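Since the structure of chain U is provided, determine the placement of chain G on it from the hints.
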Amino acid sequence: SQQGEEDPQALSIQEGENATMNCSYKTSINNLQWYRQNSGRGLVHLILIRSNEREKHSGRLRVTLDTSKKSSSLLITASRAADTASYFCATDAGTGGGNKLTFGTGTQLKVEL
Amino acid sequence: ETGVTQTPRHLVMGMTNKKSLKCEQHLGHNAMYWYKQSAKKPLELMFVYSLEERVENNSVPSRFSPECPNSSHLFLHLHTLQPEDSALYLCASSQEVRSNEQFFGPGTRLTVL
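Going down the list, the protein sequences come from chains U and G.
96 is the number that the working numbering gives to position 96 of the first sequence; each next residue is one higher, with no gaps.
111 is the number that the working numbering gives to position 111 of the second sequence; each next residue is one higher, with no gaps.
A hint or two may mislead.
[Unchecked claim] The calculated lysine to aspartate or glutamate pairs, modelled on DMTMM-like cross-linking and capped at a C-alpha distance of 25 Å, are: (1) U/Lys56 <-> G/Asp85; (2) U/Lys70 <-> G/Glu101; (3) G/Lys40 <-> U/Asp92; (4) U/Lys69 <-> U/Glu55; (5) G/Lys41 <-> U/Asp92; (6) U/Lys100 <-> G/Glu56; (7) G/Lys36 <-> U/Glu17; (8) U/Lys100 <-> G/Glu24; (9) U/Lys100 <-> G/Glu101; (10) G/Lys36 <-> U/Glu5; (11) U/Lys26 <-> G/Glu52; (12) U/Lys56 <-> G/Glu24; (13) U/Lys26 <-> G/Glu101; (14) U/Lys56 <-> G/Glu84; (15) G/Lys40 <-> G/Glu67; (16) U/Lys70 <-> G/Glu44; (17) U/Lys100 <-> G/Glu67; (18) U/Lys26 <-> G/Glu44; (19) U/Lys110 <-> U/Glu17; (20) G/Lys18 <-> G/Asp85; (21) G/Lys40 <-> U/Glu112; (22) G/Lys19 <-> G/Glu52; (23) G/Lys41 <-> G/Glu84; (24) G/Lys40 <-> U/Asp83; (25) G/Lys18 <-> G/Glu96.
Note that these hints are calculated values from the structure, not bench results.
The structure displayed is predicted, hence computed values, not measured ones.
The following block holds chain U by itself, in its conformation from the complex:
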């Protein structure tokens, strides 16, 4: 199976609620990134967390990383309808300074009014 796997595959919540998505990976990493993709569009970088970091915040986003469990979570607080999108984790396990990102299959988030 692929390096990054998101869980759940799909999530539907009400506006104002928090959304939590999880990502598991298999190999050691340099960093882990989260991207968002609106339907049929390109990906947008949200946040990067390095292997020596445990938690990072950006606005309404909170990312955690547990390298012992090879897992990460993305929390979106006070969700809005505009947060409806697919969310992907991507791991950078490159050696020699290369940047080869391996993406998961994504979590489809739907935020309803």
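Here is chain G on its own, set in the frame of chain U:
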């Protein structure tokens, strides 16, 4: 989306056609990437270019031929494609191959009949 642009946005072609996808980045980046995104599958890295030199070819069939005439432009030449090649083709760029954040274009939705 003005950072990385892709044309055309949609393309329908027969298996015997020859077509090209174009990507242009206006960010002054030195690295460019082609990805393939198929339904229910993780994003697949196809090619990586650094300063117009191909640094990675991820076992992509020869019916896909990339070209990078300068650091701002990237092409993907297509010929004799198969229906299973139908997908969203995404172009991305980053400051350097070693940079952490990649910037994506909106993609070309390709349908092979």
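- [ ] Find the hints from earlier in the document that the structure breaks and name them by number, from lowest to highest.
- [x] Violated hints: 1, 7, 11, 12, 14, 15 and 25; rest satisfied.
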